[in-house]
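Enquirer: Knowing the structure of chain A, use the given hints to seat chain B on it.
Chains as they are written, first to last, in the working numbering: chain A, 1 to 114; chain B, 1 to 109.
These are calculated hints, taken from the structure and not from any lab test.
Computed from a predicted model, the values in this text were never measured in an experiment.
With a straight-line cut-off of 27 Å between C-alpha atoms, the simulated DSSO-like cross-links for lysine-lysine are:
id : chain 1 : residue 1 : chain 2 : residue 2
1  : B       : Lys42     : A       : Lys71
2  : A       : Lys70     : B       : Lys96
3  : B       : Lys45     : A       : Lys71
4  : A       : Lys70     : B       : Lys45
5  : B       : Lys45     : A       : Lys57
6  : B       : Lys96     : A       : Lys9
7  : A       : Lys71     : B       : Lys96
8  : B       : Lys96     : B       : Lys2
9  : A       : Lys57     : B       : Lys96
Some chain A residues flagged as far from chain B (calculated, every beta-carbon gap over 12 Å):
id : residue
10 : Thr7
11 : Glu52
12 : Asp62
13 : Gly63
14 : Tyr64
Derived list of chain B stretches under chain A, where covered just means 3 residues or more per stretch with a C-beta under 8 Å from a C-beta of chain A:
id : stretch
15 : 36 to 44
16 : 98 to 108
We put the beta carbon where it would ideally sit given N, CA and C, even for glycine.
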Amino acid sequence: NAGVTQTPKFRVLKTGQSMTLLCAQDMNHEYMYWYRQDPGMGLRLIHYSVGEGTTAKGEVPDGYNVSRLKKQNFLLGLESAAPSQTSVYFCASSRLQGSGQPQHFGDGTRLSIL
Amino acid sequence: RKEVEQDPGPFNVPEGATVAFNCTYSNSASQSFFWYRQDCRKEPKLLMSVYSSGNEDGRFTAQLNRASQYISLLIRDSKLSDSATYLCVVNDGTYKYIFGTGTRLKVLA
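Here chain A stands alone, though its shape is the one from the complex (with noise of 0.2 Å):
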């Protein structure tokens, strides 16, 4: 029963350094969304993806970029790590636009660059 899951947990990155983020749904859920989250700030919707190869541009896109090459994965890609970016990343998850979907969120990643 995992739900929404996130790897890596924890990561520490020097200036410049690139990685991935990936985020793993079970629910069979349509839609993916990668969000950040700042110290006193709300959630922030980074890129989300409607479907399997489909990606779009959130609020806060600009510094990374996406894919969903598979339903069930959604990976955040920082090509050259900025401090900027150090930050809380959250993955969530939710079926098509019904009625009442509620999101489905993994438990986060948290990133410093240095």
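Expert: Relative to the frame of chain A, chain B by itself:
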């Protein structure tokens, strides 16, 4: 005006008290409404969906007022374990979920 607005608090209440939070939203076409709970930088967890007729889950009651465009959450008999940030979330029927910045609740012994 923010799309979803919440009083950031903190609301400091004694154990056993009743506390209520409101959340206003700007998009009159909003279709689905939720309350999430978030503990200290952990992931948001769904507390309850909010239905037009209002709904209750144990000590928690949620109400929706479409005319005035707000939703509310009432917590009765507060427990220490209720201390958290409560997030109001609104969906417009598409991929888009709009989150409030949250209301902090601290229940005091």
